[in-house]
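Colleague: Sequences and hints are given; from them, build the entire structure.
The lines below spell out each chain.
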Amino acid sequence: MSMPDKNGHFGAFGGRYVPETLMTLLLDLEKEFARCWKDPAFKKEFRFYLEEYAGRPTRLYYAERLSRQLKSLKVYLKREDLLHTGAHKVNNTLGQILVARRMGKKRIIAETGAGQHGVATATVCALFGLKCVVYMGAEDVKRQALNVVRMQLMGAEVIPVESGSRTLKDAMNEAIRDWVTNVADTYYLIGTVAGPHPYPYMVRELQSVIGIEARKQFLQKEKMLPDYLVACVGGGSNAMGLFYPFHRDKSVHIIGVEAAGHGLHTAAHSAAICAGKPGILHGCKSALLQDANGQVLNAHSVAAGLDYPGVGPEHSYFNAAGIAEYVGVTDKEAIDALKLLSRTEGIIPALESAHAVAYLPKLARRVKGHKTVIVCLSGRGDKDMNTIREVLRG
Amino acid sequence: MNRIEAKFNELRAKKKKAFIAFITAGAPSLEATYNLVLALEKAGADIIELGVPFSDPMADGQTIQEASFRSLKRGTTLKKILQLVRRIRKISEVPIALMTYYNPVHYFGNETFIDEAKSAGVDGLIIPDLPVVEAFALRGFAVKKDVSLIFFLAPTTSNERAREIVKAAGGFIYFVSVAGVTGARASVPASIARQVKAARSMTKVPVCVGFGISTPQQVKDIASFADGVIVGSAIVKEIQKHGRAKDMPARVAAFVKRMSSVL
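Line by line, the protein sequences are chains H and Z.
Using the numbering used here, the letters of the first sequence map in sequence onto residues 1 to 394.
Using the numbering used here, the letters of the second sequence map in sequence onto residues 1001 to 1263.
The hints are simulated quantities; they were obtained by calculation from the structure and are not laboratory data.
There are no misleading hints in this set.
Here are the computed lysine-lysine pairs in the BS3-like style, where the Cα-Cα straight-line distance is at most 30 Å:
| id | chain 1 | residue 1 | chain 2 | residue 2 |
| --- | --- | --- | --- | --- |
| 1 | H | K277 | Z | K1145 |
| 2 | Z | K1080 | H | K277 |
| 3 | Z | K1079 | H | K277 |
Modeller: Rendered as structure tokens:
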């Protein structure tokens, strides 16, 4: 059965849990995206910008020294970090900005955690001359100061959000408040496979270019399908982009890596699927970190882009249906992996992507014989240098 | 028939309009909320909306967000609010609706929550992030137990959707006066009179208007075309203004009376 259903449900998850003011707009957006996605002219335009502007296709790189060190794994890296703006986020923002233009929207708003989605949104707004407002938790504004400058350079207005935990979830609350107030002329460009229908579906479709390319590239190089896919999961857009085109391939073992922060046994992590329960936040039903009274808990991760208490609803479905497996990797393991990849391959991954890399040594111990794996290297580490410097100093 | 429906029948017979007062439960304390509910009833509030604080109040403006966070910091929970309603019911029959985001209810469990809310004396539920299409399961239990599930109409709602929503509506319909979040505003758009009249022609369920209403004049204007008026943020602000003053409930009641008495 094809997911989602007509009301945006992925099994027991997804849906549209939003104020009535937004419902008509969501229904319009759903129709508009369906029209675009069937229209060869739209696809041609999207393809044009992905190739000529963002730099697709990205390489599927055989990480030979890393593989040798891991012994039992042959590791391929899907190099989304080489895209313009430094992460996979631009695949989605390019697609959505083209939809927003067709809808005649003049003002674009977005939420951002690490700042990567904010940068990718500011970028496409500059490219098309649209007004851009980015909501960012005040805590993240501090942690990711360089990305704030990047957004401002491209003409975006960055609004620090002081409410709640002052991170991504609060930025999303504030973006939704703006949207519900300015619904007539404003397009909300959500950065991940979460939020109300049609966003999880639309973002999956736009990011699926990652997996479609990787599948073709791997088949060309290895003449077979990979044994494993590994990607980090915060909201889960790079992971869904890689996973979805393989999700019917029974022989491919799919692993999503959540941020276990200080450890899954502590309160300081962001592992919604590994340690949360079904709940409703930001317009969809999915796994959610919450207390015994249904209040949403603050998430923690050294990677700002994973620091979110929820997760995209289709990941909750993949977990429930056994299509993918979800595991946790701690802050410390992610930083060790960042060092490992830097030294073995000369590639400094984003802290988010380092979570995926960090699962490789565990996977290497787990497999029998010799296996192949594609890791989504969703972003590059330049933005994290301040955090890394602080961590390395202790 | 629950207390909300009985109240609207009574008002209709008297050709009167409803004044609905919203306060955030647990701000500044649950004890204060208890006193406020009783004071607001005396001040002419026909129905009380008790706001259940939530960590992520995405449909609320600054005033109610702040009240929610203060209340949560003091340890307010849905269970404690049900206990509060139970206590109020020992001495008052004022109709009470809980206004809550869906997650705390979902966590509680749809059926258990409706059972416990009903037995505590709750008459209605207003859930801003639960549209009709997602409310199927909860609505089944609510209808069975005669708890009114109150739905929203907005200025952006199409006629087609409005017809679906009024079919599912219990208690009254909450017509949102402006596209936006909760919060007092200087004016309410004139265009909503036409939209509210259109909604009233579709259904016998009373249509009440809320969001942004803060003055006796606004209350009067809106009552000329709606079945009731909902005031929230303006009252929450007044509560905050008088903080922990001993006569806070009396002062807030006086503020409410200035608005309710124009109806």
